[in-house]
Each structure stands twice: as C-alpha cells, then as structure tokens.
Amino acid sequence: QQQVKQSPQSLIVQKGGIPIINCAYENTAFDYFPWYQQFPGKGPALLIAIRPDVSEKKEGRFTISFNKSAKQFSLHIMDSQPGDSATYFCAARKRGSTLGRLYFGRGTQLTVWP
Amino acid sequence: SQTIHQWPATLVQPVGSPLSLECTVEGTSNPNLYWYRQAAGRGLQLLFYSVGIGQISSEVPQNLSASRPQDRQFILSSKKLLLSDSGFYLCAWKDRGNTEAFFGQGTRLTVV
Numbered sequence: 001q002q003q004v005k006q007s008p009q010s011l012i013v014q015k016g017g018i019p020i021i022n023c024a025y026e027n028t029a030f031d032y033f034p035w036y037q038q039f040p041g042k043g044p045a046l047l048i049a050i051r052p053d054v055s056e057k058k059e060g061r062f063t064i065s066f067n068k069s070a071k072q073f074s075l076h077i078m079d080s081q082p083g084d085s086a087t088y089f090c091a092a093r094k095r096g097s098t099l100g101r102l103y104f105g106r107g108t109q110l111t112v113w114p
Numbered sequence: 001s002q003t004i005h006q007w008p009a010t011l012v013q014p015v016g017s018p019l020s021l022e023c024t025v026e027g028t029s030n031p032n033l034y035w036y037r038q039a040a041g042r043g044l045q046l047l048f049y050s051v052g053i054g055q056i057s058s059e060v061p062q063n064l065s066a067s068r069p070q071d072r073q074f075i076l077s078s079k080k081l082l083l084s085d086s087g088f089y090l091c092a093w094k095d096r097g098n099t100e101a102f103f104g105q106g107t108r109l110t111v112v
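Residue numbers (my numbering), protein chains in the order written: chain Z, 1 to 114; chain F, 1 to 112.
Derived by calculation from the structure, the hints in this document are not laboratory data.
Glycine included, each C-beta is placed from N, C-alpha and C at the ideal position.
Misleading hints may appear alongside valid ones.
Taking CB as the label site, the calculated pair distances span [to be verified]: (1) Z:Pro82 - F:Ser17: 36 to 42 Å; (2) F:Asn63 - Z:Pro82: 26 to 32 Å; (3) F:Glu100 - Z:Lys68: 17 to 23 Å; (4) Z:Lys68 - F:Ser58: 40 to 46 Å; (5) Z:Ile18 - F:Trp7: 34 to 40 Å; (6) Z:Ile18 - F:Pro14: 46 to 52 Å; (7) Z:Lys57 - F:Val112: 29 to 35 Å; (8) F:Val12 - Z:Lys68: 31 to 37 Å; (9) Z:Pro52 - F:Ala9: 34 to 40 Å; (10) Z:Gln9 - F:Gln62: 38 to 44 Å; (11) F:Asn98 - Z:Ser65: 21 to 27 Å; (12) Z:Lys58 - F:Lys79: 47 to 53 Å.
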C-alpha cells in the first residue's frame, strides 16, 4: 500500500516554466515531509523539507506548499532550468519515529526543455 | 562533515553468484542506516534498517540479507542472486537527533 501518492509520473516544461509536483497522504501521524532530487545514476539528494505547522517554505527557486486539511503538499520550481531535469521524490515520516523511516512517493521525472 | 561511501558503483553478476555491497559513513556516530532498492516507476523500497551494531530489521522478505559489523558499516548480501535482484541499491543514513536522511550514490546491480 502506497502511503504517499505522487503525481504526475512525468512532466515536461519549457525553460522558465513552473512545474508543479503533487503528493497526498492519508496517515495523520506524518509530520515531516521532505523532497529529494535525483539525477540519473546518482543517489537522491535532500532538496527541501517542511513540517505541517507552516503552509509554505521557500528555498531559492524551490517552494513547498502544504495543505494540512487536505493532506496534500506540492513542490513548485520557479523559473525552471534545463539543469533541473531530474527525478523528484516526495516523502513523509511519522511523528516520533525513532527509526526515522521515510515513506516515498513513486517519483516524478521532470524534463525542462531549453 | 559527514560523508557516505557506497561501492561498487556498478556491478554485473551471474545468476546464482553471491553478492556483497558495502556502505560506510564518516563523521558521525551511531547513525541509523538503511538499504533501499529503486526500481523504475516504483520509487524507493526500504529493504533493511539498522539502529545499531548487529541490529538489523527487514521490511520485506527476499533473497537478500544485511549486516552491520561496525557502527558505521552496513553490508547488503546475497548467497545466490536471482534475475529479479537486479536494480539500483541505495544506502542511506540519519543522525539520531536530526530529521534529515542522506543517501549514497548507489550501486547499479545487473544480474545476468
């Protein structure tokens, strides 16, 4: 059972566009929501993360929007560049988890055309 | 600063052969360690995790096993590889007191 559902599976935008990747969850025990960026042949790298006590977090061109009541969160990439072409994963972790186990979405392959 | 090393980067092994993938973390003590497998279109599947030396928990039954012989060393093994073991294997770590988890560069395993 996929605890974090991610869409779309793939996304193509022109340079300068604003791709949006969406994730949804059901388990209200989740309280930490990171996004990872992965380039081909490399391991995922932590990009940005949010906790449910805020509705938005920005780091550079990357913004997470969080809707606690809807149990949804999304990643927006402002002024997207060809170098942003990668696979993006959302994830979630349960409150108080000593293990720190992350539940991942299935990933979104983003292509930014020049 | 902390770093994670995972090797080899790529590996081609025949069916029925043994496997040993190694992961080491530097710059931290007593981290949580994880092995994930990534299949195309299926995201990251947690295979094993460890909260201490000799403490291994498995998420899914399979042909693989894991061991943690030292505090910052995590090994993924198999006695006899199957074709279905092919995939991209990722090691990850997390400090107990922090929220962030960090991944190694991965091993692309092809079983032929």
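Verdict for Z:Ile18, F:Trp7 (Cβ pair) under range 34 to 40 Å: holds (38 Å)
Would you say the C-beta atoms of Z:Pro82 and F:Ser17 sit inside 36 to 42 Å of each other? holds (40 Å)
For the hint 21 to 27 Å, verify it against the beta carbon of F:Asn98 and that of Z:Ser65. Hint holds: Cβ distance 24 Å, inside 21 to 27 Å.
Looking only at beta-carbon atoms, does the pair Z:Ile18, F:Pro14 fall within the given range of 46 to 52 Å? holds (47 Å)
Given a hinted range of 29 to 35 Å, is it respected by the beta-carbon distance of Z:Lys57 and F:Val112? violated (45 Å)
Range agreement (Cβ of Z:Lys68 with Cβ of F:Val12, hint 31 to 37 Å): Once the Cβ atoms are compared, 47 Å apart, the range 31 to 37 Å for Z:Lys68 and F:Val12 is violated.
For the hint 26 to 32 Å, verify it against the beta carbon of F:Asn63 and that of Z:Pro82. The hinted range 26 to 32 Å is violated for F:Asn63 and Z:Pro82, with Cβ atoms some 40 Å apart.
Given the range 40 to 46 Å, decide if the beta-carbon distance of Z:Lys68 to F:Ser58 lies inside it. Check failed, 33 Å falls outside 40 to 46 Å.
Range first: 34 to 40 Å. Now tell me if the beta carbons of Z:Pro52 and F:Ala9 are that far apart. At roughly 37 Å between Cβ atoms, F:Ala9 and Z:Pro52 fall inside 34 to 40 Å, so the hint holds.
Verdict for F:Glu100, Z:Lys68 (Cβ pair) under range 17 to 23 Å: holds (21 Å)
In this structure, is the beta-carbon distance linking Z:Lys58 and F:Lys79 contained in 47 to 53 Å? holds (49 Å)
With 38 to 44 Å as the target window, see if Z:Gln9 and F:Gln62 comply at their CB atoms. violated (25 Å)
The structure fails to meet hints 2, 4, 7, 8 and 10 from the earlier list, while all remaining hints are met.
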